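Colleague: If you want the building blocks of each chain, they are given just below.
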Amino acid sequence: MSHPPDHGVSRRSFLKGSAVAGIATTGITAATQAAAGPPVPESFAPGEHEITLSVNGQPKKVKVETRTTLLDALRDRMDLTGAKKICDRGACGGCTVLVDGAPANSCLMLAMDAVGSELRTVEGLADGDKVHPLVENIVKCDGLQCGFCTPGMVMSSIACLEKRGKPTPAEMRQDLSGNLCRCGTYGRVMEAIDQTAQQMGGNK
Amino acid sequence: MSSANETPRETEITVGYRALSPAQKDRLRKITVNPQDGDAPPWDANTDYQTVGTDVDRIDGLAKATGRAKYAYDINFPDLQQAMILRAPIAKGKLKSLDLDAARAMPGISAVVPLKKEGNKIRFVGDAIAAVSGTTLDVVRDAIEKIRAEYDAEQHNVDYLMDEDAPLLDGKGEVDDEWPESSKIDTALGEAAHTHSATYRTEVQTHSSLETHGNVCKWDGNHLDVWASTQATFGVRGELARALGNRDIKVESVDVHSEFVGGGFGSKFSAGIEGFACALLAREANKPVKLMLDRFEEHTTAGNRPSSLMQVRGGLDKDGNLTAWDWRSFGGCGYNGRGGSVRYPNYYMKNAATRRKHKDIACDTDPARSMRAPGYPQGWFGAEMFLDELAAKAGIDPLQFRLQNDVEDMRQDQWQFAAEKFGWQKARAQKAASDDKKERYVTGVGCASARWGQLGRHGGRRQRYGITCRIHPNGMVEARSGAQDIGTGLKTVLSMLTAEELGVPAARVKGMTGHTADPIGPGSGGSTTTPSIAPAVRHAAFLAKNELIALVAKHLGVPEADVTCAGDKVGTKTAKLDWLDACKLIGPNPLEVRGERYPNYRDKPFHPGVCGAQFAEVRVDTWTGEVQVTRMFGIQDCGLVIAKKLAESQVLGAMIQGVSYAVHEQRIMDQRSGRMLNGDFLRYKIAGTKDLPELECHMHSVANGHNNVGAAGLGEPPSTATAAAIGNAVFHAIGAPVRHLPITPEKVLEALASR
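Protein chains in written order, with the numbering used here: chain A, 1 to 204; chain B, 1 to 755.
Watch out, some of these pointers could steer you wrong.
When the alpha-carbon atoms are kept at most 27 Å apart in a straight line, the in silico BS3-like pairs for lysine-lysine are as follows [claimed, not checked]: (1) B:K30 x B:K184; (2) B:K359 x B:K510; (3) B:K184 x B:K287; (4) B:K645 x A:K130; (5) B:K359 x B:K184; (6) B:K30 x A:K63; (7) B:K690 x A:K163; (8) A:K63 x B:K510; (9) A:K61 x B:K690; (10) A:K166 x B:K645; (11) B:K30 x B:K146; (12) B:K117 x A:K140; (13) B:K421 x A:K140; (14) B:K359 x A:K130; (15) B:K287 x A:K130; (16) A:K140 x B:K94; (17) B:K350 x B:K287; (18) A:K60 x B:K393; (19) B:K96 x B:K117; (20) A:K140 x B:K30; (21) A:K204 x B:K393; (22) B:K184 x A:K140; (23) B:K70 x A:K61; (24) A:K140 x B:K645; (25) B:K30 x B:K510; (26) B:K393 x A:K63; (27) B:K421 x A:K166.
In case anyone wonders, no lab produced these hints; they're calculated from the structure.
Quantities reported herein were computed from a predicted structural model and do not represent experimental measurements.
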């Protein structure tokens with residue numbers, strides 16, 4: 001799985017750093033609107049800060065702490081519960097979203113690091129009754145059982161299709177290797193990817 | 001001949017199945033059954049199904065695949081509180097002191113509840129101490145760190161083989177103790193032409209449901225709504241009502257909602273301490289609370305398939321018949337010392353002198369919970385592999401051995417059909433002709449049987465299971481059960497059975513599950529849900545159909561007995577209404593009936609359980625010891641196959657789970673700290689896409705004749721065979737047995753060195 005652009009802080013190093021910062025600065029939470037681009041908080045003091053995330057093509061304001069993960073921001077603050085919290089350690093792919101087109105574990109990314117990126121979640125694949133052909137094929141091939149891994153599996157599959165057009169079975173295995181499914185749906189998910197690639201004529 | 005709209009008193013039906021291949025024969029016979037008054041007439045092998053057995057899409061598939069489906073984990077409210085549990089860091093001892101005040105004073109905290117009192121026993125690492133709720137998980141975590149708990153630790157043991165009740169093992173892992181005397185067994189072994197003795201082991205497997213255990217609780221006065229990740233909605237309701245019980249809170253005061261459940265595999269029958277804690281927090285906070293376990297808690301406090309040790313000896317006569325079978329097994333259990341029982345395939349031993357002993361051994365860990373065919377995959381691994389080793393000693397092909405000793409007729413057909421499909425003879429012949437001892441990669445094939453016996457139950461102690469069927473004036477139909485669909489496809493089964501009875505396309509019927517306001521159903525365990533509920537679904541649809549027929553008959557002025565529902569139409573041969581026009585006669589309120597689950601017929605069915613067989617091919621890297629399962633074929637019966645595509649998914653999924661059990665899964669405990677070392681998904685490895693073999697399965701539909709539908713359970717049976725078939729394939733590939741699951745590279749290299 002490829003990674004989103006590095007904004008300079010990992011979740012772990014940031015958690016360490018924020019404790020120190022918390023002692024040094026208190027009570028400054030005012031955010032100012034930058035002249036261009038998304039609003040950026042002026043400081044990273046403890047407490048909540050309003051940021052704007054671009055989700056499925058729409059700018060969304062959301063209040064987060066500096067330590068809030070992108071996954072928690074999506075699920076708990078924006079009610080976008082398609083991405084699932086399964087392992088919370090980047091080991092299962094259940095929280096996969098696309099960050100600037102690349103699949104990322106949203107549990108390993110801070111919400112603030114997603115400012116300025118284009119985020120795509122599974123909710124963006126459906127517009128009323130119109131859904132992405134891959135989603136249709138997942139259902140047609142029965143590439144799901146309990147369905148809890150499915151949104152993550154779908155997002156990794158979309159990334160695979162967008163990257164490769166007509167992926168080979170080995171490429172599918174590689175691109176989905178970060179997504180765990182306990183019910184055992186892998187084979188039928190890969191069938192769905194294959195059928196979608198055929199229908200779309202290999203167009204990325 | 002009675003009309004299809006009436007209950008026959010005594011009726012002859014055809015049971016069994018049609019030939020699996022041109023080389024085989026139909027196995028059909030007639031039996032007489034006695035349905036009870038009011039029940040729908042039985043379907044049988046001659047029923048001409050329109051929907052049942054076809055490939056209908058999973059009806060909640062789109063909701064799941066678009067992320068719209070709301071699991072318990074996904075329930076949000078504007079003032080929702082998040083919660084966590086403080087867990088004991090010691091494996092055995094007592095809680096010495098507990099101070100929650102500092103946690104209560106932390107910002108954003110809405111409730112703190114103790115779950116143990118000072119002096120209470122600590123039974124394993126992860127035992128629940130106290131729970132905290134607050135505005136976000138981050139502030140809750142901050143508060144949890146402020147709880148001051150002190151413990152009096154005692155000496156613990158987390159390895160059952162260190163217990164004094166455990167058998168002694170020699171350096172090769174074989175049991176060192178003498179077998180107790182038995183003249184029956186000793187005589188049989190003495191007379192056998194070939195004998196063998198060996199010890200097999202399996203390790204603890206965690207259920208690893210992807211949605212962890214947990215709930216959202218919301219009080220309204222004395223009424224509690226619970227969104228639960230459970231495989232027993234009614235069980236959770238009763239348990240919480242009892243646990244919280246006072247004169248104001250009764251079973252009716254609790255509503256459980258589990259429309260979508262992210263897996264269970266046997267671990268999610270109880271509300272658990274997490275459910276109880278969530279309800280208490282929500283009451284104290286006076287706000288809705290969500291408490292979901294994290295992955296470490298899920299691995300260490302929410303159950304597991306226990307480990308096992310199986311010592312076997314047995315003998316064959318000169319013709320290859322099994323004549324002696326001696327078995328003693330030990331289960332490596334949690335602190336309560338229960339649930340480690342191991343079963344073996346007894347259909348090979350019908351003509352043998354047998355003895356079976358089992359002992360459960362307790363240690364200071366999280367207790368076992370039922371996991372997909374409890375006791376079977378362990379025992380099948382030990383038994384099926386022992387049989388292959390014994391057959392090898394006698395120079396008999398493993399398939400030939402099974403054809404000769406397996407007394408179940410249905411599986412005789414399955415063995416032959418599956419062996420043909422898999423290419424068994426060719427694979428065995430190729431291996432025999434090759435001299436691959438010097439090759440880096442070697443292949444092998446193995447097989448094992450599958451078995452389970454669940455034909456469904458009619459209800460709990462007080463109440464029969466039921467189904468609500470509603471036909472709306474606009475032609476839409478609902479079939480509702482309060483039982484849960486944990487991913488098996490129950491909603492789709494409700495829809496398809498109802499559609500079949502009403503003669504409409506499945507798309508007209510919405511199956512709904514998981515709300516305890518709907519009629520009672522079983523917990524989803526032991527493959528009971530579909531066989532228990534299906535006859536009630538049919539009965540409900542049958543009653544609804546007859547009410548609609550009465551309306552149509554009156555409207556058309558024809559006798560009710562002449563009216564049928566078929567092809568999306570209702571009427572006689574000459575006068576028919578389209579379904580939508582017929583439904584316009586209903587109204588303004590929908591036509592609503594409640595069907596019930598009658599007991600299974602007292603008459604003997606075609607088969608008392610279900611049968612299956614699986615074949616596996618592996619490739620072993622003799623340099624690294626890595627085992628890749630390259631190909632599998634499975635055949636599985638489940639009585640009447642209703643939703644074919646979904647049934648296949650369950651069988652294929654069981655095979656993948658079996659691959660995972662065979663080569664990866666193992667809970668690793670640290671004896672010093674008493675803690676699980678790999679309680680995550682980084683180091684507790686479950687099979688992923690790169691472990692996926694080329695998989696194929698065949699659903700073997702059987703008219704079983706035990707009730708009006710004749711469905712049998714499917715969750716457990718295919719999971720009994722897989723690890724055993726893989727173990728046998730590895731034995732075939734490298735010529736030495738690896739008798740200890742998981743079959744890791746290290747064990748393969750050891751086995752290779754021992755050749």
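Colleague: Is the Cα-Cα distance between B:K287 and A:K130 27 Å or less?
Modeller: The hint is violated at about 37 Å.
Colleague: Could you grab the alpha-carbon distance between A:K204 and B:K393 and see if it respects the 27 Å cut-off?
Modeller: Violated, at roughly 57 Å.
Colleague: Given the hinted pair B:K30 and B:K146, is their Cα-Cα distance within 27 Å?
Modeller: 71 Å, violated
Colleague: Would you mind confirming whether the straight-line C-alpha gap from B:K184 to A:K140 stays at or under 27 Å?
Modeller: Roughly 57 Å separates the two Cα atoms, so the pair is violated.
Colleague: Next pair to validate is B:K359 with B:K510; report whether the Cα-Cα distance is within 27 Å.
Modeller: Violated, at roughly 48 Å.
Colleague: Next pair to validate is A:K140 with B:K645; report whether the Cα-Cα distance is within 27 Å.
Modeller: Between A:K140 and B:K645 the Cα gap is close to 9 Å, so the pair holds against 27 Å.
Colleague: Would you check the hint for A:K60 and B:K393, treating anything up to 27 Å between C-alpha atoms as holding?
Modeller: 70 Å, violated
Colleague: Regarding the pair A:K61 and B:K690, is the alpha-carbon distance no greater than 27 Å?
Modeller: Given that 27 Å is the threshold and the Cα spacing comes to 40 Å, the pair is violated.
Colleague: Given the hinted pair B:K393 and A:K63, is their alpha-carbon gap at most 27 Å?
Modeller: 70 Å, violated
Colleague: Between the alpha carbons of B:K690 and A:K163, is the straight-line distance 27 Å or under?
Modeller: 19 Å, holds
Colleague: Is it true that the CA of B:K359 sits at most 27 Å from the CA of A:K130?
Modeller: At roughly 58 Å apart (the allowed maximum being 27 Å), A:K130 and B:K359 break the hint.
Colleague: Given the hinted pair A:K63 and B:K510, is their alpha-carbon gap at most 27 Å?
Modeller: 39 Å, violated
Consistency note: the structure conflicts with the earlier hints numbered 1, 2, 3, 6, 8, 9, 11, 12, 14, 15, 16, 17, 18, 20, 21, 22, 25, 26 and 27.
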